[in-house]
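Trainee: Residues per chain, in single letters:
4 protein chains.
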Amino acid sequence: MIKVGINGYGVIGSRIADAISLQKDMELVGVSKVHADYVARHAKSKGIKLYTAGDKSEFTKKGIPIGGTFEDLLANVDVIADCTPEGTGAKNKSLYEKYGCKAVWQGGEEHEVAGLSFNSYANYDSARRARFLRVVSCNTTALIRTLYPLQSSFGIKEARAVLIRRAADPSETKKGPINALEPDENIPSHHGPDVQTVMPEIKIRTVAVKAPTTLMHLHYVEVELDKEASKEEILRAWEKHRRIAMFSFSDGVRGTAQIMDYARHMGRSRGDMYETAVWDNLSINDSTLSYFQAVHQEADVIPENVDAVRAMLSPETSALDSISLTDTSLHIGIGRTT
Amino acid sequence: MIKVGINGYGVIGSRIADAISLQKDMELVGVSKVHADYVARHAKSKGIKLYTAGDKSEFTKKGIPIGGTFEDLLANVDVIADCTPEGTGAKNKSLYEKYGCKAVWQGGEEHEVAGLSFNSYANYDSARRARFLRVVSCNTTALIRTLYPLQSSFGIKEARAVLIRRAADPSETKKGPINALEPDENIPSHHGPDVQTVMPEIKIRTVAVKAPTTLMHLHYVEVELDKEASKEEILRAWEKHRRIAMFSFSDGVRGTAQIMDYARHMGRSRGDMYETAVWDNLSINDSTLSYFQAVHQEADVIPENVDAVRAMLSPETSALDSISLTDTSLHIGIGRTT
Amino acid sequence: MIKVGINGYGVIGSRIADAISLQKDMELVGVSKVHADYVARHAKSKGIKLYTAGDKSEFTKKGIPIGGTFEDLLANVDVIADCTPEGTGAKNKSLYEKYGCKAVWQGGEEHEVAGLSFNSYANYDSARRARFLRVVSCNTTALIRTLYPLQSSFGIKEARAVLIRRAADPSETKKGPINALEPDENIPSHHGPDVQTVMPEIKIRTVAVKAPTTLMHLHYVEVELDKEASKEEILRAWEKHRRIAMFSFSDGVRGTAQIMDYARHMGRSRGDMYETAVWDNLSINDSTLSYFQAVHQEADVIPENVDAVRAMLSPETSALDSISLTDTSLHIGIGRTT
Amino acid sequence: MIKVGINGYGVIGSRIADAISLQKDMELVGVSKVHADYVARHAKSKGIKLYTAGDKSEFTKKGIPIGGTFEDLLANVDVIADCTPEGTGAKNKSLYEKYGCKAVWQGGEEHEVAGLSFNSYANYDSARRARFLRVVSCNTTALIRTLYPLQSSFGIKEARAVLIRRAADPSETKKGPINALEPDENIPSHHGPDVQTVMPEIKIRTVAVKAPTTLMHLHYVEVELDKEASKEEILRAWEKHRRIAMFSFSDGVRGTAQIMDYARHMGRSRGDMYETAVWDNLSINDSTLSYFQAVHQEADVIPENVDAVRAMLSPETSALDSISLTDTSLHIGIGRTT
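Heads up: the protein sequence lines correspond to chains A, B, C and D, in order. Residue numbers for the first sequence follow this note's numbering, beginning at 6 and rising by one. Residue numbers for the second sequence follow this note's numbering, beginning at 6 and rising by one. Residue numbers for the third sequence follow this note's numbering, beginning at 6 and rising by one. Residue numbers for the fourth sequence follow this note's numbering, beginning at 6 and rising by one.
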């Protein structure tokens, strides 16, 4: 049993905790949380053991039992998933080194924190037995999921993507804008180079815009393929990857709201959509493929985090076996619409 | 086994279908749906039998099997839950009479369609063996849930409520406004008289405002009680009713977003919140009680629909037994925060 | 000529600056601004003299001339309108005392900063020759505008108001929520006591909710009058006050969006709505009056600020003369819809 | 004096009416309006003569005088600007032919309605003395404004644009979505071919996404130029065209909200932004230019409509003279930020 701890029990951390609990080869030792808020209460109600680097009395006052300090947690795990707020995860590295535990960071951190950036389909094997790993961000993960199969099957001359980002997560109510569109000052944006931390050979250029919505990011992607491919060949290349789900305008799926509604109907935990959602109105013009995809920013990196843990600590498991174990546990690929 | 059909498989119909499937004394015969959209696909993937009053070929073209016409469904059920769009349900009454099935309408229809409006705690017994029934709307249900216990325990001299309504459901993306507040032209609004269809003796006055949000309605309620009551007494009166869930600002629950986030964390189907959510910062000024409550408009009438079916067709079951069966099946009251 | 300076050239400060420029008995000496942003550029393009308490080089690098330091401005004015961010205005008081200038604060500051809170119709005379003054907030100003005439004409036994607040100004794009309703933790909210700083005798109770919109606040107000009044009598009492504008659902004014659209059509500077907008669907039930009103938070206190300056420094002008001068200069009361 | 009538006095029609009134060589005869709403009231208050194809009594009941029927208006004008809702303008063509008046349609109609699509800088001369003309849509106008100077100065090999569209105008409060992103089903979208109705030689490909905002459309544009150009050369090519306004992130202009705020500060009628707003963080990569631009959909075609009227009926005026007259009257190009 791989003993896993979670540092930071928010949008991502709480989801990784649940996913880890579903794995037969892993054990969730506990999670670290700073504040005794409603999320802490639900962790308690689920029987998840809480540790804190903050003020223990805040928890005990509210009747939420605390298993120990954050360092107590570190002393008892093989690997820690660091889900602390963007940019703060790197500061914890020395502590992980002190306790000799492995660590998985999220995409809010720089590639350099781990020196190795991860995606399950693209570079699972390079992560095997790694000490430190970084699962790339939700946007980057989604881009790699659709680009990697295209690269493998047809070759990519150049990819271009416009990322229309949800401005805040549903529970992040202090963040705006309420009524505006905000382009990213950097042209190109950092997302292209971030894809290259996993697929170093790809030529890719991205820009980003923030929109006043909370549900999903939306990507418009244009890919110049090395060789021409028909729509059927493209779909076949993607079909082999369960973490892509196809949707259709003719089914009334007009936008991100219907995709999230579909995920809720499917009975997913928290109404989550782990897959990258791709509309099937893809267009092929000579050897340039164009398509829209949507990314549930709260959930799409969860399966990759589970695989990352397995790659680091269960070296005998193959990439495809790990992906399969993870996907089955999360019901990924069940009930595909097309 | 009570044989149940659903007419209209949208926001409410799809949730009633799932809830019926969870009852040991009920059988979901099938649902009627007009269009072969993504919701029809997920019904298929869940093994729910589809009937249609529309064009059957639309379904067969997409590989979605159809069990028969809407009238075929009517011929095979004891009761139909009519979840068709607001104002169209009444037109189906003669058909229900023709097939001799009982019917439960939703709050979008007038009280007169059934002559009997229903809430589980307030008037279960009057619904026993009824032929036709109407479950009051989400807003009305939520008001009754907190007012009825107050009425029973302390008496109500007068109630006043301001309803800040979510302008559209998450999947209703054609409806606005995007950036405006819109007061209801009618002062008072129709919600007060609608409460009186269930609690005829109550003096209540409501107004309504539409706000650009999709998550929940928010109510501000002021109740002049017949006798003074302490905060503890109020909370105790509400505690007996599992369909009220208390939330606290001190837990970081600042608004409707955190309540819905909590529901998602709790693993509810579709991230639903069946309970009326009440903040515990209630204020008592002489004998006037003031509080805020939030209503998940997609889900809060679901338990009442299940109870309504049972009241009509399982006369030997008591009100509290039905409520208990329903709540257990939907995990209502599990993991209360306070 | 009254020499006026503005400290803080943002949403409120920039509007006061323009309004002061339109007064024949006032001179805008200059405005103080910390950052050389797009608002500073437009001030330059309008020929407004800029002073800064910040880094002068930030301005000169961008070719925006700076007239001097903030203290240079203070040395040259009779009165300063303090429009700095909420809660920081009080810190400037000692500086105003040092330079012997009078000061007008905004409603974001506490009553105690000036010891005197102001509304043009309600207490102009008490502000005459005052050294320090506070114009109450946009919400409070709007409440006083409709309550004061009711108080004067009919007497008020008790007033209750629910304030549905726009969560951010149009240009405040860092603030949310994007999709949630957030009740104010305090029941009652601070707005009632704030009304009492101007109308100490009134019994009033308010609560507040934040909604994801940027245009206007919306108030629902219930007033128990001392004596019964007909709709016509109410309208006549309000008609005497030009800073109330009546709107009608039958004209297609469904909400705050149409009111702001109307203001833009009327050719107001910045599309501003200085008046409190009241819907004419007011309801009278015995002696309880109920109505909805909307408040353009960016603009509604501007006329009061102009009057406040005149009350302090032009003691020979009567209240009604000042109001008249201000209103004429801002085109208030022109083109009333009803 | 060119005698001008307006058919449809909504978002676009009301703005054209005001712009026509400001031209020394034009006379606004009147406008046609169907309903007696708040927009009709403000037309009355501005002294604009109203005609109606609807029910005259609706107006007279509200005290809004009606000059006659729509056909009365047609009998008295040289040219009519058709600003009726998308797709209905074409139906009026036979009526315009019957009355022998010229007509300008908006971009919601097909190119074929007039056979000639118009942009002031790109093809003014071809519109000279035309009987029928169509001013292209706000999105198309904005694209042509920045592409045409690039084409003229450097040549364009290929242009690609992603249009993130505001989902509704501020006053269109019945339209959503409130919280979703919705890609246009068509890849490519119709906007590229629409640009080609004015610039037939250009190779351009566009896609579109709808976002929950009301302020402006946002475009991301990539242009492969025929010859390399420096940032300075690009800016110089655009500078010659007053209907482009440059904005800078370093001035705090983070998105569409600050651009509209700037327009309001500049004292424009209705806070309008006639110019296409371009951020100066443009990127040049080999000979590929990338930039963001924003389009105020309510206003950006107004100057083009004025020029269109002049091209049709004042053949002696040159293109540049017309543009200059129009821009001066609307204060376009005054107070450029950079």
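Hints in this document: simulated from the structure, not taken from any laboratory. There may be inaccurate statements among the hints.
No distinction is drawn between identical chains; accordingly, a pair holds when it is met within one copy or between any pair of copies.
What the hints assert, rightly or not - Heads up, simulated DSSO-like pairs for lysine-lysine below, C-alpha to C-alpha not over 30 Å straight-line:
id : residue 1 : residue 2
1  : Lys96     : Lys180
2  : Lys245    : Lys67
3  : Lys49     : Lys67
4  : Lys208    : Lys232
Note that this is a predicted model, so its numbers are computed, not measured.
Trainee: Looking back at the numbered hints, which does the structure fail to meet, lowest number first?
Mentor: Those not satisfied: there are none.
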